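Engineer: As a plain string of letters, each chain reads:
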Amino acid sequence: MAQKTILPFGPQHPVLPEPVHFDLILEDETVLDAIPQIGFVHRGLEQLVRVRDFMQYTFVVERVCGICSFGHTFGYSELIENLLEVEIPERAEDLRVILHELSRIHSHLLWAGLAADAFGFEALFMHAWRLRERVLGFFEQTTGGRVIFSFCQPGGVKSDISDEDLRGLVQILETMTPEILELSNAFLLDSSVQSRTKGIGFIPHDAAQDAGLVGPFGRASGIADDIRLLGHGSYGKLSHFEPVVSDGCDCYARVEVRIKEILQSIEIIKELVDKIAPGPVLIPIKGKPAAGKIAFNRVEQPRGESYYYALGDGTKNLERFRLRTPTAMNIPGMVLAIKGCQLSDVSMIVLTIDPCISCTER
Amino acid sequence: MSALDLCEAIDFNAQDILHLAHQQKAKGMRFANIHAVKVKDGFQLFYTYVKPRGHAENYRCFIPDGQVVPSITPIFISAFFFENETHDLFGVPFEGISVDYHGTFYQVCMQAPMNPDYKSSEPVVMNPNFTAYSASTPTHPLEPTDGNQKDN
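Protein chains in written order, with the numbering used here: chain A, 1 to 362; chain B, 1001 to 1152.
Honestly, I wouldn't trust all of these hints.
[Stated by the list, open to error] Calculated cross-link-like contacts (lysine-lysine; reagent style DSS-like; alpha-carbon spacing at most 30 Å):
no.	chain 1	residue 1	chain 2	residue 2
1	A	Lys293	B	Lys1051
2	B	Lys1027	A	Lys339
3	B	Lys1119	A	Lys286
4	B	Lys1040	A	Lys260
5	B	Lys1025	A	Lys275
6	B	Lys1040	A	Lys288
7	A	Lys158	A	Lys270
8	A	Lys293	B	Lys1119
9	B	Lys1040	A	Lys316
10	B	Lys1051	A	Lys339
11	A	Lys237	A	Lys198
12	A	Lys237	B	Lys1038
13	B	Lys1038	A	Lys316
14	A	Lys288	B	Lys1025
15	B	Lys1025	A	Lys339
16	B	Lys1051	A	Lys237
In case anyone wonders, no lab produced these hints; they're calculated from the structure.
Note that the structure is predicted; figures quoted are calculated from it, not measured.
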């Protein structure tokens, strides 16, 4: 007769990039249930808003996540602009979206490398991270930083990126495209990758909808939702945008969605470089958020929807700031995906969800 | 200005939290967030629901200090993260959370760190036997071994 066992998994594990713990309830090698536990790296960053003024806080919010660093300053800056009812120059909005999409490429390539490493496919891991280096190189060349580059701030962006540099970026992306297609072939056609991902971590569309999954995790279960559809910022300038969706509902579908999103982001950047508006990129921010005034914002980060809230108190400090990252919505889905799988697949399932626990705890 | 959603919240009565959640579920809305804001004598609780491929709706209610809030996890399972978080950081008590960590969701060394008015019914002490496993894992007092006694 099969015996039930509770197996502690994490928070430290070779394939887990971030600290998350599961109590896996096993019957032989089959996972019957999983109880997640986070909370190992809570940093109290929301509370810091009472100590740092709303401009200084841009640097704090950038450090919420090492991968979505630009995306969080993008979301926070828009939030403060909503709070102060400020219009920013069109070129600044264009540059923000270009850099945000570049961040998506670097995030997905980073994830692809980690996934390949977890498969034990070392060459693929190195190939993915080699490509990511080109994006980081462009960040360094134009902003001075590779991951944390403090480029976005309330009022616009810190400095302009010349049209020549932007044309150089398009050239970089054009040379990267065939290599990303090769990478995509390895991820999507290689039998060893398929054996670790196809039919594993299955979440049907209805269950995904009930659990409220966001980002590539939700889109891989057929949820065609993406905040970029609403056309905020310069996304409204795109001639056409439809999210990448798969109805595979398994780990393989999550790989497929992310790889295709890299190619989609390249097309978005090319289109915006063509359409970029001339003019200034920063306006001075004057005034303080009025006491009791609230603002909300949402941004489609590489991992999904982020939610921002601010409450002014009439001084240079905010009364309250709230940041909800995509992983907070995806944790119930992670448990759903793990239930019923084999123990050896748990690490792969967790990885294909791409959780960012440190950002979730803030 | 690039405001994506309306920068205002719809006020509702705290007694209608479950009714609102049922209503949103029936409308096909997705649950997106709960967060608390400390105000005089209580909290504002914000509930956010998002229309698929559409805009967000933010709802706000007032909860007096000490009032128990009904959990919406039977309707939206993903709310368990937010209700446990709001309990641990603000001390707002929730009733009926489907996965209740009873205050061990965040490993913080003080109770309700984001609520300066929080008055604990019990003295705050660090548990020397704390283990970082989930609520379901039974914890046992650590018995010092011979080896430990020698080290001491």
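Engineer: Next step is simple, just say for each hint if it's right about the structure.
Structural biologist: Verification of the hints:
1. Using a Cα cut-off of 30 Å, the hinted pair Lys293 of chain A and Lys1051 of chain B holds, with the two alpha carbons roughly 24 Å apart.
2. Restraint check for Lys1027 of chain B and Lys339 of chain A: satisfied, since their Cα atoms lie roughly 29 Å apart, inside the 30 Å limit.
3. At most 30 Å may separate the alpha-carbon atoms for a hinted pair to count; Lys1119 of chain B and Lys286 of chain A exceed this at roughly 39 Å.
4. A C-alpha spacing of about 50 Å is found between Lys1040 of chain B and Lys260 of chain A, which places the hinted pair above 30 Å, so the restraint is violated.
5. With a C-alpha separation of about 40 Å, the suggested pairing of Lys1025 of chain B with Lys275 of chain A is violated against the 30 Å cut-off.
6. Among the hinted pairs, Lys1040 of chain B with Lys288 of chain A is consistent with the structure: their alpha-carbon atoms are about 22 Å apart, no more than 30 Å.
7. In summary, the hint linking Lys158 of chain A to Lys270 of chain A is supported, as the alpha carbons are separated by about 22 Å, within the 30 Å threshold.
8. Distance restraint check for Lys293 of chain A and Lys1119 of chain B: the Cα-Cα separation of roughly 28 Å lies within the 30 Å cut-off, and the hinted pair is therefore satisfied.
9. Between the alpha carbons of Lys1040 of chain B and Lys316 of chain A the distance comes to roughly 21 Å, so the proposed pair stays at or under 30 Å and holds.
10. The hinted pair formed by Lys1051 of chain B and Lys339 of chain A meets the criterion: a straight-line CA distance of about 28 Å does not exceed 30 Å.
11. Of the pairs offered as hints, the one joining Lys237 of chain A and Lys198 of chain A is violated, with about 37 Å between alpha carbons and a cut-off of 30 Å exceeded.
12. Between Lys237 of chain A and Lys1038 of chain B the CA atoms are separated by roughly 40 Å; this puts the pair beyond 30 Å, and the hint is violated.
13. Our distance criterion of 30 Å between C-alpha atoms is met by Lys1038 of chain B and Lys316 of chain A, whose separation comes to about 19 Å.
14. A hinted pair counts as satisfied when its Cα atoms are at most 30 Å apart, and Lys288 of chain A with Lys1025 of chain B does not qualify at roughly 38 Å.
15. Distance hint between Lys1025 of chain B and Lys339 of chain A is fulfilled; the C-alpha atoms sit about 24 Å from each other, no more than 30 Å.
16. Straight-line distance between C-alpha atoms of Lys1051 of chain B and Lys237 of chain A comes to about 23 Å, which keeps the hinted pair within the 30 Å bound.
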